[in-house]
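Please put together the full structure from these sequences, using the hints given.
Sequences listed follow chains V and Y, in order.
With the working numbering as the guide, the letters of the first sequence map in order to residues 1 to 349.
With the working numbering as the guide, the letters of the second sequence map in order to residues 1 to 253.
Keep in mind that a hint or two might mislead.
Here are the computed distance ranges between Cβ atoms for each label pair [as the list claims (entries may be wrong)]:
| # | chain 1 | residue 1 | chain 2 | residue 2 | range |
| --- | --- | --- | --- | --- | --- |
| 1 | V | E58 | Y | S195 | 28 to 36 Å |
| 2 | V | G90 | Y | Q56 | 39 to 47 Å |
| 3 | V | D173 | Y | E164 | 45 to 53 Å |
| 4 | Y | P102 | V | D63 | 40 to 48 Å |
| 5 | V | L54 | Y | A217 | 49 to 57 Å |
| 6 | V | P104 | Y | E240 | 48 to 56 Å |
| 7 | Y | D249 | V | Y60 | 36 to 44 Å |
| 8 | V | V71 | Y | S195 | 31 to 39 Å |
Computed footprint of chain V on chain Y, listed as stretches where at least three residues anywhere in the stretch have a Cβ under 8 Å from a Cβ of chain V [as the list claims (entries may be wrong)]:
| # | segment |
| --- | --- |
| 9 | 31-38 |
| 10 | 59-73 |
Keep in mind that the hints were calculated from the coordinates and are not lab data.
Built from N, CA and C at the ideal position, the CB exists for glycine as well.
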Amino acid sequence: MALPEHQAEPDLAPVPEPSVRKRSGGGPAVRRRTRLARGPLTIGEPAPRVEPRLAAAEPYRPDTIADGGEVFGLTIRSASVRGLQKRYVGGPRQDDLCLGVHPPTETLIVAVADGVSAATHSHLAAALAVRQAVAAVARQLDEGAGELDWTEIFEQAAWALVEEHRRGRYDADADAREAAPALATTLVVAALTPEQDQNADHPPEQCPDAIGPAKGQNGRGPEPRTLRLQTAAVGDSPVLVLTQDTFEPVVGETDDADGLVGGGVRALPRHTRPTCAKPRSLRRGSVLLVCTDGLALPLANGIGEVGRTLARELADPPDIVDFARLLDFSRSTYDDDRTLVAVWPGSRS
Amino acid sequence: MAAPAPPPVAAPASEPEHLPPPHAAAGQVVGQVLPLYFVGDESHSMRGDPIAAVNQGLLDLRDEVAKHPLIGKKVRFGIITFADTAETRLELSELSEELILPTLSTRGRGTSYASAFEALRHTIPADIALLKVSGFQVHRPTVFFLSDGQPTERESKWQQRLAELKDPAFRERPNILAFGVGDADPKVIQQLATSPAHAFMMREGVSTAGAIAEFAASMLNSMVSSAERLDRGEQTLEFEKPEGFVQLDAPIL
Chain V
1 MALPEHQAEP DLAPVPEPSV RKRSGGGPAV RRRTRLARGP LTIGEPAPRV EPRLAAAEPY
61 RPDTIADGGE VFGLTIRSAS VRGLQKRYVG GPRQDDLCLG VHPPTETLIV AVADGVSAAT
121 HSHLAAALAV RQAVAAVARQ LDEGAGELDW TEIFEQAAWA LVEEHRRGRY DADADAREAA
181 PALATTLVVA ALTPEQDQNA DHPPEQCPDA IGPAKGQNGR GPEPRTLRLQ TAAVGDSPVL
241 VLTQDTFEPV VGETDDADGL VGGGVRALPR HTRPTCAKPR SLRRGSVLLV CTDGLALPLA
301 NGIGEVGRTL ARELADPPDI VDFARLLDFS RSTYDDDRTL VAVWPGSRS
Chain Y
1 MAAPAPPPVA APASEPEHLP PPHAAAGQVV GQVLPLYFVG DESHSMRGDP IAAVNQGLLD
61 LRDEVAKHPL IGKKVRFGII TFADTAETRL ELSELSEELI LPTLSTRGRG TSYASAFEAL
121 RHTIPADIAL LKVSGFQVHR PTVFFLSDGQ PTERESKWQQ RLAELKDPAF RERPNILAFG
181 VGDADPKVIQ QLATSPAHAF MMREGVSTAG AIAEFAASML NSMVSSAERL DRGEQTLEFE
241 KPEGFVQLDA PIL
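Structural data, given as structure tokens:
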């Protein structure tokens with residue numbers, strides 16, 4: 001069914017009373033929900049409808065997580081949704097994300113991981129890696145690091161996986177090679193820090209792209225600032241910058257050697273040497289996207305239906321739940337877990 | 001209907017909501033697929049129960065994949081057979097209930113592995129090119145090779161064709177799983193597989209037809225698990241040793 005231009009549903013619109021439809025033949029009346037039963041968002045040919053099976057994994061893994069908010073003049077939306085395949089078989093979501101803030105430097109830290117499904121506890125690996133990575137970045141910032149030591153950060157995340165393996169197997173000598181069949185994951189980490197603009201002597205109106213706190217905050221004038229993005233990855237979970245309708249890859253290994261997809265992936269804990277992007281600025285009007293290949297694969301080069309839809313819907317930050325629903329779009333043959341953290345420079349309010 | 005008009009984007013209950021379709025663009029991706037080929041021996045020695053077991057296995061495979069709600073769309077299946085020549089018996093197809101499978105039957109007077117490898121070398125790039133033009137992201141293809149005999153041609157000939165198929169410069173080179181039944185030579189079967197772990201030989205004391213049935217069941221399982229993990233960016237080839245076979249890279253006791 002084709003619908004007119006997608007619009008955000010007004011949050012405060014009155015919810016109509018459920019209509020009561022009489023069945024012909026005098027059968028029992030059928031209550032029809034008018035707002036909640038919307039079905040999935042479809043892009044192109046839909047995937048089959050599957051009733052999800054509860055994932056009885058240890059530790060507990062919800063099907064979907066959705067989060068977001070504002071901090072340091074940034075607006076953040078994040079979600080991780082279980083793929084249709086896992087919903088069908090009752091497997092746990094193997095993607096995860098973690099957000100962290102470092103108030104002294106006003107840094108936002110984002111980590112996203114995609115557990116390697118061949119590993120038996122990849123959901124746990126993803127959960128450990130993102131948390132450890134965010135903590136490791138914060139520690140370096142505490143120590144005054146301007147340039148992050150990414151190798152150390154990824155080594156610490158890998159160490160968390162090996163330690164967990166040692167703990168779980170009662171094997172104090174297990175190494176990364178032995179831990180990998182149980183706990184393996186990709187990892188991508190991004191840190192977004194405001195920095196003094198090189199052109200700080202320019203008045204703010206001449207720097208329309210500069211990001212800064214609200215005028216007059218704390219009695220001070222606006223500080224022309226740009227955001228500095230540092231990011232690194234092990235594996236194919238990418239970082240992209242969306243500007244209007246263009247998705248620019250910043251970091252993340254592509255696996256399309258020989259023009260084919262899915263040819264193998266590097267993962268923690270065996271691989272700890274990350275691919276690091278050159279630090280760059282992020283300007284107002286662009287959106288930072290940190291995701292897993294469950295989204296990156298259907299997004300492809302960004303010029304197709306998925307890219308156009310995302311570019312349109314992410315022009316402004318959606319509501320948190322709408323963001324998760326957008327990420328959970330239905331599209332034939334794409335049924336992997338998907339995770340996306342989106343950061344808009346600037347405050348929604 | 002007396003109910004108030006629903007909000008603009010609320011689709012009727014249980015109907016999916018479609019976002020407005022963006023304009024189609026050249027190079028647009030519509031889906032991802034995993035090409036799989038069964039390459040089977042139709043030489044005379046397969047006559048009777050063995051070839052019947054192959055045909056039954058293929059029917060079961062089609063029905064099981066067609067029943068699965070998620071993997072049918074992600075897999076494309078083709079059948080190439082060989083005796084003294086190779087023949088494409090099923091073009092790369094979606095496995096749906098309506099798909100009419102060929103009935104394989106023994107033919108010819110020889111067993112030409114070279115012709116099978118040559119057919120693959122020509123068919124695979126053409127199939128992949130067609131899928132890509134149709135907007136699909138294509139995963140590295142997998143070949144399930146099954147033979148009950150030894151090649152009846154010069155060794156150098158089939159080895160040359162095999163080398164061309166496995167050549168790292170051949171971008172669309174497939175992953176090959178090789179299965180020997182009946183009188184197949186384990187040393188030859190071992191050379192065919194792209195990974196030492198993917199060469200299998202029927203155990204002694206097992207009937208050829210029984211081993212083929214096990215092979216077909218394993219091919220189905222492999223298809224399902226490979227398709228399940230398609231998105232993962234991992235090796236897409238998933239396979240466990242079928243019952244009634246020995247893995248040829250296993251240490252000999």
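Quick rundown of the hints versus the structure:
1. Range check, V:E58 to Y:S195: Cβ separation about 33 Å, and the 28 to 36 Å hint holds.
2. Restraint check, V:G90 to Y:Q56: a C-beta distance of roughly 31 Å breaks the suggested window 39 to 47 Å.
3. The given range of 45 to 53 Å is respected by V:D173 and Y:E164, whose C-beta atoms sit roughly 47 Å from each other.
4. Distance hint check: the CB atoms of Y:P102 and V:D63 are about 43 Å apart, consistent with the given range 40 to 48 Å.
5. Range check, V:L54 to Y:A217: Cβ separation about 29 Å, and the 49 to 57 Å hint is violated.
6. Between V:P104 and Y:E240 the Cβ separation comes to about 53 Å, which falls inside the hinted range of 48 to 56 Å.
7. Checked against the given bound of 36 to 44 Å, the beta carbons of Y:D249 and V:Y60, roughly 40 Å apart, stay inside it.
8. Separation of V:V71 from Y:S195 is about 49 Å and departs from the stated range, judged on CB atoms against 31 to 39 Å.
9. With 3 residues having a beta carbon nearer than 8 Å to a beta carbon of chain V, the segment 31-38 of chain Y meets the requirement of three or more and the stated coverage holds.
10. Here's how the segment 59-73 of chain Y fares: 3 of its residues keep a CB closer than 8 Å to some CB of chain V, so the rule of at least three is met and the hint holds.
Hint check: violations occur at hints 2, 5 and 8; the rest are consistent with the structure.
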